[in-house]
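K.L.:
Assembling the complex is the task here: the two chains are given apart, and the hints tell you how they should meet.
Residues per chain, in single letters:
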Amino acid sequence: MTIQFNDPDRPNSYIGKTVPRPNATKLVQGRGRYVDDIALPRMLHVAFARSPVAHAKIGEIDLDEAKAVKGVLRVFTGKDLAEVCTPWVAVLAHLKGLKSPPEHPLAVDRACWVGEPVVAVVATTRAAAEEAASLVMVDYEDLPAVTDTMTALDKDTPVIHPELGDNLAFRRLHEEGDVEGAMAQAHKVVSARFRTARHTGVTLEPRSILVDWNPAEGQMTAYHATQAPHMMQTVFAKHLDIPESRVRVICGDVGGSYGIKVHVYPDEVATAAIAKMMGRPIKFIADRLESYSTDIHARDHEIEAKIAVDKDGKILAIDVDDWTGIGPYSVYPRTSAIEGNQVVNLCGGPYDFANYRAQTTVVFQNKTPTCQYRAVGHPIAVAITEGLVDMAAAELGMDPVEIRRRNMYADDAYPVTSPAKMRFEGLSHHASMDKLIGMMDYDALRADQEDARKRGKYRGIGIASFIELTNPSPFMYGIGGARISAQDGCTVRMDPDGSVVALSGVTEQGQGTEAMLSQIVAEGVGVNPSQVRIVTGDTQVTPYGGGTWASRGAGIGGEAALQAARALRDSILEVAGAMLQADASTLDIRSGQVVDGDSGEERMPLEELGRIVYFRGDTLPKDLPRELVQTRHFITMEYPFAFTNGVQASYLEVDTDTGVVTLLNHWCVEDCGRVINPQLVDEQIRGGIVQGLGGALYEEIHYDAYGQLLNGSMADYLVPMAAEMPDMQIGHVETPTGESELGAKGAGEAGTAGAPAAVMNAINDALRPLGAQVTEMPFTPERILRALGKIED
Amino acid sequence: MKASAAGYARAENLRHAIEMLVASEGEGRVLAGGQSLVAAMNMRLSAGDLLVDISRLNELSGVSQEGDTVRIGALTRHAQVGADPIVRARVPLLAAAVAHIAHAAIRNRGTIGGALAHADPAAEFPACALALGAEIHVEGPEGDRSIPAEDFFEDVFTTALEEDEILTALSVPAAETGEVQLIEEVARRSGDYALAGLCLVRRAKGHRVALFSVGPKPILATGAMTALDAGDVDGAVAALTSEIDPPSDTQASAAYRRHLAGVLLRRAVARLEGDRT
Ligand SMILES: Cc1cc2nc3c(=O)[nH]c(=O)nc-3n(C[C@H](O)[C@H](O)[C@H](O)COP(=O)(O)OP(=O)(O)OC[C@H]3O[C@@H](n4cnc5c(N)ncnc54)[C@H](O)[C@@H]3O)c2cc1C
Numbered sequence: 001m002t003i004q005f006n007d008p009d010r011p012n013s014y015i016g017k018t019v020p021r022p023n024a025t026k027l028v029q030g031r032g033r034y035v036d037d038i039a040l041p042r043m044l045h046v047a048f049a050r051s052p053v054a055h056a057k058i059g060e061i062d063l064d065e066a067k068a069v070k071g072v073l074r075v076f077t078g079k080d081l082a083e084v085c086t087p088w089v090a091v092l093a094h095l096k097g098l099k100s101p102p103e104h105p106l107a108v109d110r111a112c113w114v115g116e117p118v119v120a121v122v123a124t125t126r127a128a129a130e131e132a133a134s135l136v137m138v139d140y141e142d143l144p145a146v147t148d149t150m151t152a153l154d155k156d157t158p159v160i161h162p163e164l165g166d167n168l169a170f171r172r173l174h175e176e177g178d179v180e181g182a183m184a185q186a187h188k189v190v191s192a193r194f195r196t197a198r199h200t201g202v203t204l205e206p207r208s209i210l211v212d213w214n215p216a217e218g219q220m221t222a223y224h225a226t227q228a229p230h231m232m233q234t235v236f237a238k239h240l241d242i243p244e245s246r247v248r249v250i251c252g253d254v255g256g257s258y259g260i261k262v263h264v265y266p267d268e269v270a271t272a273a274i275a276k277m278m279g280r281p282i283k284f285i286a287d288r289l290e291s292y293s294t295d296i297h298a299r300d301h302e303i304e305a306k307i308a309v310d311k312d313g314k315i316l317a318i319d320v321d322d323w324t325g326i327g328p329y330s331v332y333p334r335t336s337a338i339e340g341n342q343v344v345n346l347c348g349g350p351y352d353f354a355n356y357r358a359q360t361t362v363v364f365q366n367k368t369p370t371c372q373y374r375a376v377g378h379p380i381a382v383a384i385t386e387g388l389v390d391m392a393a394a395e396l397g398m399d400p401v402e403i404r405r406r407n408m409y410a411d412d413a414y415p416v417t418s419p420a421k422m423r424f425e426g427l428s429h430h431a432s433m434d435k436l437i438g439m440m441d442y443d444a445l446r447a448d449q450e451d452a453r454k455r456g457k458y459r460g461i462g463i464a465s466f467i468e469l470t471n472p473s474p475f476m477y478g479i480g481g482a483r484i485s486a487q488d489g490c491t492v493r494m495d496p497d498g499s500v501v502a503l504s505g506v507t508e509q510g511q512g513t514e515a516m517l518s519q520i521v522a523e524g525v526g527v528n529p530s531q532v533r534i535v536t537g538d539t540q541v542t543p544y545g546g547g548t549w550a551s552r553g554a555g556i557g558g559e560a561a562l563q564a565a566r567a568l569r570d571s572i573l574e575v576a577g578a579m580l581q582a583d584a585s586t587l588d589i590r591s592g593q594v595v596d597g598d599s600g601e602e603r604m605p606l607e608e609l610g611r612i613v614y615f616r617g618d619t620l621p622k623d624l625p626r627e628l629v630q631t632r633h634f635i636t637m638e639y640p641f642a643f644t645n646g647v648q649a650s651y652l653e654v655d656t657d658t659g660v661v662t663l664l665n666h667w668c669v670e671d672c673g674r675v676i677n678p679q680l681v682d683e684q685i686r687g688g689i690v691q692g693l694g695g696a697l698y699e700e701i702h703y704d705a706y707g708q709l710l711n712g713s714m715a716d717y718l719v720p721m722a723a724e725m726p727d728m729q730i731g732h733v734e735t736p737t738g739e740s741e742l743g744a745k746g747a748g749e750a751g752t753a754g755a756p757a758a759v760m761n762a763i764n765d766a767l768r769p770l771g772a773q774v775t776e777m778p779f780t781p782e783r784i785l786r787a788l789g790k791i792e793d
Numbered sequence: 001m002k003a004s005a006a007g008y009a010r011a012e013n014l015r016h017a018i019e020m021l022v023a024s025e026g027e028g029r030v031l032a033g034g035q036s037l038v039a040a041m042n043m044r045l046s047a048g049d050l051l052v053d054i055s056r057l058n059e060l061s062g063v064s065q066e067g068d069t070v071r072i073g074a075l076t077r078h079a080q081v082g083a084d085p086i087v088r089a090r091v092p093l094l095a096a097a098v099a100h101i102a103h104a105a106i107r108n109r110g111t112i113g114g115a116l117a118h119a120d121p122a123a124e125f126p127a128c129a130l131a132l133g134a135e136i137h138v139e140g141p142e143g144d145r146s147i148p149a150e151d152f153f154e155d156v157f158t159t160a161l162e163e164d165e166i167l168t169a170l171s172v173p174a175a176e177t178g179e180v181q182l183i184e185e186v187a188r189r190s191g192d193y194a195l196a197g198l199c200l201v202r203r204a205k206g207h208r209v210a211l212f213s214v215g216p217k218p219i220l221a222t223g224a225m226t227a228l229d230a231g232d233v234d235g236a237v238a239a240l241t242s243e244i245d246p247p248s249d250t251q252a253s254a255a256y257r258r259h260l261a262g263v264l265l266r267r268a269v270a271r272l273e274g275d276r277t
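So the sequences go chain by chain: A and B. Note that the first sequence covers residues 1 to 793 in the numbering used here. Note that the second sequence covers residues 1 to 277 in the numbering used here.
In isolation and in its complexed conformation, chain B is listed as follows (with noise of 0.2 Å):
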């Protein structure tokens, strides 16, 4: 199929992004890393949008460290996720789960931005946002806000983002000493969304586990991480399985995604086990 878009504009800078969303009245929409934009418009899922680019924002772009808090701008590469030392050294989850995106040329195109924004449900980069209980910024016509991961994800390709704001940035706190990050999925083929997936961070004040690919949205699983913090794994794992609504779909059925679910926490809580022994 043919994609059809309205129009198409590349921004200057962020305020002419912005503007530029004011000015098309609900028709517009961001172009980032284009790697699902475009392929929801050469299927025309999507079509008729005034394509607003920022993939030429350099300053949306890169890693820093203030203080405790690790920055990493919107169209921040996949690739370049993975690869930074700062990502890597005090946020080691979003590195890990770089490796689980797609394939290498989508990698290199695909922001952490995008993949906020997009909020497909069996994608990693939310989760991991949620695991970590990151906070993203969001710039519109009236300024910028800082909304809880928690607060973010809404539904299904649906987040708190308002038609004119644009997704800036995240921050999550730098990895504290002795915290683990996890994260384990399972996907039919290297590359391809998971069928369910799980991210386990574990710090002084507690265990944290993010689910994806289980429901409309990912899932901060509250029943298992207060088990796990009692040091009470079957406990975390029963939680676990009542506290998802997984989807049925032609790769996996909802039973067959609760049951991995479980699977997945007992494999990393005992990579845990492992890396304290």
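Bound-form chain A, shown alone (with noise of 0.2 Å):
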């Protein structure tokens, strides 16, 4: 039996439906469990001692001080804890010459980044071995820095890893047709130089993690606030040596993840290395500091890009040169070169055009590690293609939304597969259009805009389509070697009263998921969603399952959850069958009660059959199948990825003589297939969008020329506040996938990816009548003045 998804008054209809979430009131009333709520007995806390340095050899190491400070139990340096652990080198064999040293839970000879750590002091309190670690003396032997991408490669630039050979990470072209030929006979040619800034991901909840060894029991028990707890489990036992079944890892209560705690940190491993040294629970809590110098950094490109269109605004080619500098290592297991290949990939993604080049350049260089951050690429790649759209547009005087539907993928031409070599099941770029375009009312925005116009204000409309990826298959990190599951799986089982508790892979980071399964699982079984139990995050009870990343988790843990609870449904129906002397398939659950299917008429309550399984089962017959537990795993198999779409508008206002950029207005219409829960997908595409703001206006890393970071504070690294924040109108058009009976893909990162590349059109729609543009992100007011040639050194 399907489910009639389309009928809303299905019996036990939550799917489709605003439930509430079965964790806020825990939240709300600050009953929340998060790592550093956690105290036990003989815990201690280590501090880490920096590199204050880009780039430096190690030289002597005095500790005496250190030591000296009441309070200090141990101090650990990088030898020390190469002993026990083994390093880790972050490559993947399908992203092919991508190359990285070995790197270890302390630097061992050289410190290659401003906040690497290079000392673990362990003390009764934080205060002691932050105390501690302020006074370990290192000898820095300093080494030049390498700090600019595009001179990395230079001849002239020291290379960073010289058994590498050179600073390249991992370079990778892909052509598709002519583009050289049709850039020569295009009726125009536009071409841009972009620039995003470095961006990170700012958790409210910094990087976590508290770390017990029991040695009597040969058992690792880590609290961990991460995105992936059995793939932290495989890396804690890989590196420790420890087998997976001694490895627990348990993820509580998560506050904020982004992508920034699905990676492994090298202090967190020490942590647990010197836990299993110790044989005590070892705590290490990040500072905003700590965060801002280790978490890891993302979006630091540099692009030129070139677009061909032909007169009537059709798409003839793109060409794209994209540079990246991901820092001195690639991060481990999902390593740094995913950015850059996604650029590639999404590049002209929502367009039906046929020349394509795309080349990505990811270098070394002295400064904190990158990695994957929410809309991994996205951004870039949305921005790179909707601005060279919009300029293409207004050099042939045409309409930006125009411009868009003359290249846009018919809506009926799925299955398609796009120049970049992407493949996509069904999307719904026009329709999505067409319903922004209403939302927005296009045509009174522009008379509003011409309007402000003649009172001197100079307000601007930016469109931005793009694709998403989600529901990752294999084909993302497990094909190249990574112990990175892309499967999930969900076990759902009936206690003795009738009540549901469902266990899956996936996990809480605060956006929702367990909200999510309680309601699949209450529709798939028949239950209310108060009946039903979500547990996840921890790997020793859960079946295994990759987490939450790349926008997975309703697509592939939703669909793992409806096939167990189907599952177990089917099974209290086959016991019920035989109590009721009827057939099972004429019954159905529906509110905690077995009904007869057709009429609806109560037969039992689940507490009844309950009773009888778990306390009477003598009065059952012998063979009777009586597991009120069943599991299911999930996987995709037939697309590498589940493409989504969407499309955003941005409505704002440039003052021209201070330079600022107010936000009026932020539409969103996006496609993440069925839609399982409106109001957690509306607040992820809106949390999304204010990201992606945050890109647009505000977020950026400084380093000086020596790789010193020059903003580590919530005061210097601005966020997107709620006082700026426009109004944030979302809307959906759903074409489900088909590789699931849920249908449900991703709507984690939509928001994210589109939101820089409005708001910089808008920016640009503003500004065109004075002739001026700016295509280097963050948008800030001395840009802005700075394109308008307003200010004079």
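Honestly, the hints are just simulated from the structure, not real lab data. Every residue, glycine too, gets a C-beta built ideally from N, C-alpha and C. Fair warning: there could be bad hints in the mix.
Unchecked claim - Only some residues are given here: those of chain A computed to face chain B with a beta carbon under 8 Å:
(1) Glu131
(2) Leu289
(3) Lys790
(4) Glu792
P.N.:
As structure tokens, then:
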């Protein structure tokens, strides 16, 4: 029996509705349990002495003063930890040529970025550990720092890792069709240089881990704020030489992740290694400065790009040359080449065109390592593509909506393969655009813009279509050899009173995973969501899974939950059939009652069935299966990724005297397939948009030429705040994926993917009458005034 | 990071506080609203201080008017300054400035005395004090003294306060009829320190212009004032941009700040003229 999703009156119709979040009460009452809330007996704290320089040979280390601090128990250097922890190398076989040197939990011979952990101090309090860490004396012999991306490969630039030969980590060129030929014959060719700034995720809860090693059991328990507990289990097991079955990673409440908490951090592995060496629980909670200098950074790209169009605005070719600097190491185990690779995969995404060339060049430098952060590569690819499309439209005197309509894949063109060789199962660019134009009342907005201009105000409208990669298969990491699971599992069981417990391999980071799972399980079994208890984030308890990343929780984890719930329903009905002497197929479960499928007449509460199965099983036929627990795993097979699509619009005003941008309104229509919980999806989109607006207007990590981090606090790394945020109106088109019964694709990153491009296009729309254009993010007041030629140096 | 203070004591009265400062031999540090000091301690930009907490000294809080002078106690919180009827009527500049300072939670704790003593070059109140021609009252082991705002601010985070002196109050001439007081600033986000800011006061005696976030301390733009007195706005903007030597940092370059100062002056003057009509 399949679920009639289109029938809102079907029984147990929780999928598609906004149901309360089961964990909201707990969090609002302050009863959540984050890693830092946990205190174990005999627990100690670790703090790290970190490199103050971007590149240096590590000479003498003098620990005497540090050891003398009251409360300090032990101090560890890189050499000490190297004895118990093997180094890692972050490469993937399918990213051909990607190279990276071995990385240790603490730097051994050389420090390669400001913030790299060098010495670990363990003490009875964090304050004592910090005090001692500040007294660690390391003789740093300065080495030249490589900080500029564009010159990293020049002959006279020093090579950071001489054993690797050069500073090139990875390069990929993709070519389709005849770009040169198309450019030569085009009606117009428009080129531009784009820049996206270095960002970081700024999670409210910093990175946190508490590791306990029980030598008597040979068991490690890590309480960890992570997106991927099973991946971390594998990492600890492998590098600390423990069987996976003896590593338990518990991930309780997490205060935001955005991709920051899906990577292997040297200080966290060091914490685990130290716990194992000392046989005591060790806690590490990053402070805000550590967050800025050691959480992964992202999006530091410089791009030259060109678009060729014919006189009707048809795109003939796109050519992209992308460069990014990733720090001194590729980050384990996902690697730091994925972002550049995504730029190559995603540019031109919404459009039906033939000739495409894109190259990404990924170089080493002496800055904090970069890796995957919410919407990996998308904001960059969308900015390039949508920036070029708008510039082409302006060049042709064509409306930006019109040029998109002329180039987007027709809604009935699917399945289709893009020039970047991405396979699209089913997208809805035109339907989404139509809906957006209606929601924003495009013509009225154009009239308002014109009216404002008469009053000397510069307002602009920016449109950005996009595609988003979700529900990844093993094509993303697994085929490259990484032990990162693309499948996910769920176990659903019925307890004697008829209530249901579901254990899932996907995790809750604050985004509402547990709400989504509870309503799927409720509908799948036939009980109220309040009767469902969701358990996530414990590798010893939940089925093996990949966790939360690449917008996979609902699409992959949700489908596993649905299948497990449906299987439990079938098991229950089989028992019920025997008890009621009815054919199981004539029965159904609704709101916790076994009912007659046709009439809806109540036949037996689940509570009664539970009582018989668990306490009076003697009364049931001997050979009757009675497993009121079912596990299902799900993996996508037909497409490497489930692409989603959408379109955003921004309306804003630029103050041409001060350069300040005021966001007036923002719209997004997106298609994530089946919407399981409208409110959660809308808030994911809004939260994502806000992160994208941060990239467009505020966020930028600054380094000086020597690799010193210049802004390591919330006072000078500006994140978007409520007062500056516009209203965000969200609409949906639903094109479910056929790979699953649920039909859900991901929605977590779409907002971030499209917002920066929408803002860039809106600013340039506002500035166009003044002949100015900006393409370097964030669009600070100063950059805007410089584009307007209003600042003399 | 964890803060490290060498000690903490709560003062029972002003004398007690001064005695503790004297006894600490230069290691003492006054704690008022804590909105700058505690942040600095938590980043270990300030460590090892002996904290002398004056926040409970009620005698240092509140607003009063004596004749043509409005006196504001050092411990008056930003939010109280903004809501006080005397301030709103007779020193509207200070009330208007409050809306630009930080966020509600910080305005509920931060004190005007703390803001003046801290002397952040990007802070609003020091520039307001300068534009208003305020007197700053301090008390030390030898008794009290008053320092004109023009002599009080010396450099980045540096004032004419001695180590064992406490800022007790600020007094400002109450606005005369027809006086106009305006503040203009541009910040990246609401509540952020300004990229540049400007206070403009027009009195019968003439204009006063003070700027913040354009140098190591708040600046009285005397050249611009003279030009404004002569009715020459372009001249005032030209004078202003040569009177300041703004810093460059990750938020904005000196050139941007200089440009902004001129824009702010023009905007303030436009508002003055709007007032006249
Ligand atoms: C996020 C954030 C944003 C902010 N934004 C702004 C802003 O936009 N504009 C702005 O102006 N300010 C801003 N502030 C600072 C805020 O206004 C502070 O409250 C103010 O600068 C200091 O006042 P306080 O009472 O908190 O002083 P404290 O932090 O207690 O003390 C600051 C310094 O002044 C000294 N001190 C305090 N009172 C006295 C006294 N009576 N006598 C002698 N010395 C004294 C202390 O010893 C210390 O050195 C911001 C603060 C934060 C945390």
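K.L.:
Against each hint, give a clear statement of whether it holds in the structure.
P.N.:
Quick rundown of the hints versus the structure:
1. Glu131: This interface hint holds because 7 Å falls under the 8 Å limit.
2. Leu289: holds, 7 Å
3. Lys790: holds, 6 Å
4. Glu792: Hint on A/Glu792: holds, closest Cβ of chain B at ~7 Å, below 8 Å.
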